[in-house]
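2 protein chains.
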Amino acid sequence: MSVLIVGSTALDSIKTPHAENPRLLGGSASHAAVAASFFSPVKLVGVVGEDFPKKYVQLYRKHRIDLEGLQILPGKTFHWSGEYELNMNNRRTLLTELGVFETFTPTLPKAHQNIPYVLLANIAPSLQSHVLNQMQRPKFVIADTMDLWLNIALADLLKLIPRLDAFVLNDSEAHQLTKEDNVFAALKKVHKLGPKYVIIKKGSHGSILSGPRGFFICPAFPLHKVKDPTGAGDSFVGGLIGYLETARGSIDQNIRRAMIYGSVVASFC
Amino acid sequence: MSVLIVGSTALDSIKTPHAENPRLLGGSASHAAVAASFFSPVKLVGVVGEDFPKKYVQLYRKHRIDLEGLQILPGKTFHWSGEYELNMNNRRTLLTELGVFETFTPTLPKAHQNIPYVLLANIAPSLQSHVLNQMQRPKFVIADTMDLWLNIALADLLKLIPRLDAFVLNDSEAHQLTKEDNVFAALKKVHKLGPKYVIIKKGSHGSILSGPRGFFICPAFPLHKVKDPTGAGDSFVGGLIGYLETARGSIDQNIRRAMIYGSVVASFC
Chain A
1 MSVLIVGSTA LDSIKTPHAE NPRLLGGSAS HAAVAASFFS PVKLVGVVGE DFPKKYVQLY
61 RKHRIDLEGL QILPGKTFHW SGEYELNMNN RRTLLTELGV FETFTPTLPK AHQNIPYVLL
121 ANIAPSLQSH VLNQMQRPKF VIADTMDLWL NIALADLLKL IPRLDAFVLN DSEAHQLTKE
181 DNVFAALKKV HKLGPKYVII KKGSHGSILS GPRGFFICPA FPLHKVKDPT GAGDSFVGGL
241 IGYLETARGS IDQNIRRAMI YGSVVASFC
Chain B
1 MSVLIVGSTA LDSIKTPHAE NPRLLGGSAS HAAVAASFFS PVKLVGVVGE DFPKKYVQLY
61 RKHRIDLEGL QILPGKTFHW SGEYELNMNN RRTLLTELGV FETFTPTLPK AHQNIPYVLL
121 ANIAPSLQSH VLNQMQRPKF VIADTMDLWL NIALADLLKL IPRLDAFVLN DSEAHQLTKE
181 DNVFAALKKV HKLGPKYVII KKGSHGSILS GPRGFFICPA FPLHKVKDPT GAGDSFVGGL
241 IGYLETARGS IDQNIRRAMI YGSVVASFC
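Note that the protein sequences, when read in sequence, are chains A and B.
All residue numbers in the first sequence are consecutive under the numbering used here, ending with 269.
All residue numbers in the second sequence are consecutive under the numbering used here, ending with 269.
Some hints here could point you the wrong way.
With a straight-line cut-off of 30 Å between C-alpha atoms, the simulated DSSO-like cross-links for lysine-lysine are [claimed, not checked]:
hint: 1; chain 1: A; residue 1: K225; chain 2: B; residue 2: K202
hint: 2; chain 1: A; residue 1: K188; chain 2: B; residue 2: K55
hint: 3; chain 1: A; residue 1: K15; chain 2: B; residue 2: K202
hint: 4; chain 1: B; residue 1: K225; chain 2: A; residue 2: K189
hint: 5; chain 1: A; residue 1: K225; chain 2: B; residue 2: K54
hint: 6; chain 1: B; residue 1: K55; chain 2: A; residue 2: K202
hint: 7; chain 1: B; residue 1: K227; chain 2: A; residue 2: K179
hint: 8; chain 1: A; residue 1: K227; chain 2: B; residue 2: K196
hint: 9; chain 1: B; residue 1: K189; chain 2: A; residue 2: K189
hint: 10; chain 1: A; residue 1: K188; chain 2: B; residue 2: K202
hint: 11; chain 1: B; residue 1: K225; chain 2: A; residue 2: K179
hint: 12; chain 1: A; residue 1: K179; chain 2: B; residue 2: K196
hint: 13; chain 1: B; residue 1: K54; chain 2: B; residue 2: K15
hint: 14; chain 1: A; residue 1: K227; chain 2: B; residue 2: K202
hint: 15; chain 1: A; residue 1: K202; chain 2: B; residue 2: K188
hint: 16; chain 1: B; residue 1: K159; chain 2: A; residue 2: K202
hint: 17; chain 1: B; residue 1: K225; chain 2: A; residue 2: K15
hint: 18; chain 1: B; residue 1: K202; chain 2: B; residue 2: K188
hint: 19; chain 1: A; residue 1: K196; chain 2: B; residue 2: K179
hint: 20; chain 1: B; residue 1: K159; chain 2: A; residue 2: K227
hint: 21; chain 1: A; residue 1: K179; chain 2: B; residue 2: K15
hint: 22; chain 1: B; residue 1: K225; chain 2: A; residue 2: K188
hint: 23; chain 1: A; residue 1: K202; chain 2: B; residue 2: K227
hint: 24; chain 1: B; residue 1: K55; chain 2: B; residue 2: K227
hint: 25; chain 1: B; residue 1: K227; chain 2: A; residue 2: K189
hint: 26; chain 1: B; residue 1: K196; chain 2: B; residue 2: K225
Okay, the calculated bits of chain A under chain B, using three or more residues with CB under 8 Å as the criterion [said to hold, decoys possible]:
hint: 27; stretch: 211-219
hint: 28; stretch: 240-247
Just some of the chain A residues that point at chain B, by a computed CB distance under 10 Å [said to hold, decoys possible]:
hint: 29; residue: K55
hint: 30; residue: L86
hint: 31; residue: N87
hint: 32; residue: M88
hint: 33; residue: N90
hint: 34; residue: L94
hint: 35; residue: K188
hint: 36; residue: K202
hint: 37; residue: H205
hint: 38; residue: P222
hint: 39; residue: H224
hint: 40; residue: V226
In case anyone wonders, no lab produced these hints; they're calculated from the structure.
The C-beta atom is built at its ideal place from N, Cα and C for all residues, glycine as well.
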């Protein structure tokens, strides 16, 4: 068994109050795949350009991540550049270069289509649906998103959400999607779109699961110094699905514990 | 046994996006005393003016709150008026009329001086110290505060803090006091001032206890609609000390459970 993870694979140039680093390994699928690999074998689906550093391919390999679904295309790897404010909660995008991502439409290898656990990490919702269309009867499908898609691809996202077992978003995205200030009222509205489980990420304030057994309020791991929060949310979801894949028993028996593991892995990110 | 609670007893005129209500029962000691009364007998120490409505005295009595320490003086009851923004996290003060509070210096009845559990609810730190000076060997002393005292009475507050078993403040006050952005770094600095337990209130994000056994991260009770958050923090601390007073075993064995009870009582406030 293993976990299929599709999402962005990127190079991030990040400036924080503590440091400035160019062309770090980034992208939702990179963070999620590394996080999930601590629990389960991972098959990564994504695209990079010919400029993608070999050391990052080696890093994936070190984590035993299956790269059959990682396309290497002529052109440049998706590049994002951003800057964090002092409190680490606010960031602004300085630069976005799509590169080979602009024309990416993943075709899954045959062996990938029967994987039971699927993470549609943050990427355009049309691509998330495109991947899901190729899957045979997955057991558990979870998707993450970001404010960008709520702004420019809401219709695509609303087509995807009813097909999910679990949907993950952060508190401001939940507010944007539902127009509800209260997070519990927002959760109720997101459930009406279809997913059995809805998880709201609140950064250093932790996360909230809403499901058939009610709420589960999960703390973030207590960190005394946050150097760079990029990818923490992706790592959380990656750790979560990686643990779920290995755990015995039903999703409902394990998803709360999976959130705790996700939080711990995210703290290392 | 019982709990001694000193703090403000006031009339609050509050405007929220949902309603506007004049001269509600308010004040840190009022909220804390009612909350604690669900667990333990309470002795209230405070001051009101001759205009204090009888129905509020009856409300205290209904909760079997001992009013021997509640002075009724010629003049007006402390009156606060404030307005909440839509998200309920930000409020601004419209009016503060100190009234009889301006010259209040509580002298404790003899029977009050031996009470083992003491809550110094939010009030000027010089008055909190004045009350503490009159107590014989209390078993557990917990104090709350507010940004106002950090601004205008920091020296008094810094004299009080080392005398406390537990100190309660909210996240922005912790930042103001320690100059630390990270809440766990702030907690470490507050411990250095003396208290064995430090509790940081984070409103709808819950609260964090730091003590000899490490951290305890406590969620807020999930509310779908918040009508008026005034007094929720006071109710939390009131419920906490009320439960501690009745629980068997050591403070350290019970303080985590006490925070859960405090959160639940605060949700009713």
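Each hint, compared with the structure:
This hinted pair checks out: K225 of chain A and K202 of chain B have alpha carbons roughly 19 Å apart, not beyond 30 Å. Restraint check: the Cα-Cα separation between K188 of chain A and K55 of chain B comes to about 39 Å, which exceeds 30 Å; the hinted pair is violated. Distance restraint check for K15 of chain A and K202 of chain B: the Cα-Cα separation of roughly 28 Å lies within the 30 Å cut-off, and the hinted pair is therefore satisfied. With a C-alpha separation of about 14 Å, the suggested pair K225 of chain B and K189 of chain A falls inside the 30 Å cut-off, and the hint holds.
Taken as a hint, the K225 of chain A and K54 of chain B pair is broken in the structure, with Cα atoms around 52 Å apart against an allowance of 30 Å. A C-alpha spacing of about 42 Å is found between K55 of chain B and K202 of chain A, which places the hinted pair above 30 Å, so the restraint is violated. Between K227 of chain B and K179 of chain A, the direct Cα distance comes to roughly 18 Å. Compliance with the 30 Å bound is thereby established for this hinted pair. A distance of roughly 29 Å separates the Cα atoms of K227 of chain A and K196 of chain B; the hinted pair therefore holds under the 30 Å criterion.
Our distance criterion of 30 Å between C-alpha atoms is broken by K189 of chain B and K189 of chain A, whose separation comes to about 41 Å. As the CA atoms of K188 of chain A and K202 of chain B are separated by approximately 23 Å, the hinted pair is consistent with the 30 Å bound. Of the pairs offered as hints, the one joining K225 of chain B and K179 of chain A holds, with about 14 Å between alpha carbons and a cut-off of 30 Å not exceeded. Between K179 of chain A and K196 of chain B the CA atoms are separated by roughly 42 Å; this puts the pair beyond 30 Å, and the hint is violated.
Restraint check for K54 of chain B and K15 of chain B: satisfied, since their Cα atoms lie roughly 23 Å apart, inside the 30 Å limit. The straight-line distance between the Cα atoms of K227 of chain A and K202 of chain B is roughly 22 Å, inside the 30 Å bound, and the hint therefore holds. Note on K202 of chain A and K188 of chain B: the hinted pairing holds, with a Cα-Cα distance of about 23 Å set against a maximum of 30 Å. For a cut-off of 30 Å, the pair hint linking K159 of chain B to K202 of chain A is broken: about 36 Å separates their Cα positions.
With a CA separation close to 39 Å, the supplied pair K225 of chain B and K15 of chain A exceeds the 30 Å bound. At most 30 Å may separate the alpha-carbon atoms for a hinted pair to count; K202 of chain B and K188 of chain B meet this at roughly 17 Å. With a CA separation close to 42 Å, the supplied pair K196 of chain A and K179 of chain B exceeds the 30 Å bound. Proposed proximity of K159 of chain B and K227 of chain A is contradicted: the alpha carbons are some 35 Å apart, above 30 Å.
In summary, the hint linking K179 of chain A to K15 of chain B is supported, as the alpha carbons are separated by about 22 Å, within the 30 Å threshold. In summary, the hint linking K225 of chain B to K188 of chain A is supported, as the alpha carbons are separated by about 12 Å, within the 30 Å threshold. About 22 Å separates the Cα atoms of K202 of chain A and K227 of chain B, which keeps this hinted pair within 30 Å; it holds. For a cut-off of 30 Å, the pair hint linking K55 of chain B to K227 of chain B stands: about 22 Å separates their Cα positions.
Restraint check for K227 of chain B and K189 of chain A: satisfied, since their Cα atoms lie roughly 20 Å apart, inside the 30 Å limit. As the CA atoms of K196 of chain B and K225 of chain B are separated by approximately 35 Å, the hinted pair breaks the 30 Å bound. With 3 residues carrying a beta carbon less than 8 Å from a beta carbon of chain B, the stretch 211-219 of chain A meets the three-residue requirement, and the given coverage holds. Under the rule that three or more residues need a Cβ within less than 8 Å of chain B, the assignment of the stretch 240-247 of chain A is violated, with 0 such residues.
Of the supplied interface hints, the one on K55 of chain A is violated, with its beta-carbon coming no nearer than about 31 Å to a beta-carbon of chain B, more than 10 Å. Proximity of L86 of chain A to chain B holds as hinted, the smallest CB-CB distance being about 6 Å (cut-off 10 Å). Because the smallest distance between the Cβ of N87 of chain A and any Cβ of chain B comes to about 5 Å, under 10 Å, the interface hint for this residue holds. A distance limit of 10 Å between C-beta atoms decides the matter here; for M88 of chain A the minimum to chain B is near 8 Å, and the interface restraint holds.
With its C-beta approaching chain B no nearer than about 12 Å, N90 of chain A sits outside the 10 Å limit, and its interface hint is violated. At about 22 Å, the closest approach between the beta carbon of L94 of chain A and any beta carbon in chain B exceeds 10 Å, and the interface hint on this residue is violated. Annotation: K188 of chain A was flagged as interfacial toward chain B, and the flag holds, the nearest CB pair being 7 Å apart, inside 10 Å. The beta carbon of K202 of chain A comes within 7 Å of a beta carbon in chain B, closer than 10 Å, and the hint placing it at the interface holds.
Below 10 Å, beta-carbon pairs count as interface contacts, and H205 of chain A has one with chain B at about 4 Å; its hint therefore holds. Restraint check, P222 of chain A versus chain B: the minimum CB separation of about 5 Å is within 10 Å; hint holds. Satisfaction of the interface hint for H224 of chain A is found here, the shortest Cβ-Cβ separation to chain B being roughly 5 Å, below the 10 Å cut-off. A hinted interface residue such as V226 of chain A counts as satisfied when its beta carbon comes closer than 10 Å to some beta carbon of chain B; here the least separation is about 7 Å, so the hint holds.
Checked against the numbered hints given earlier, the structure breaks hints 2, 5, 6, 9, 12, 16, 17, 19, 20, 26, 28, 29, 33, 34 and satisfies all the rest.
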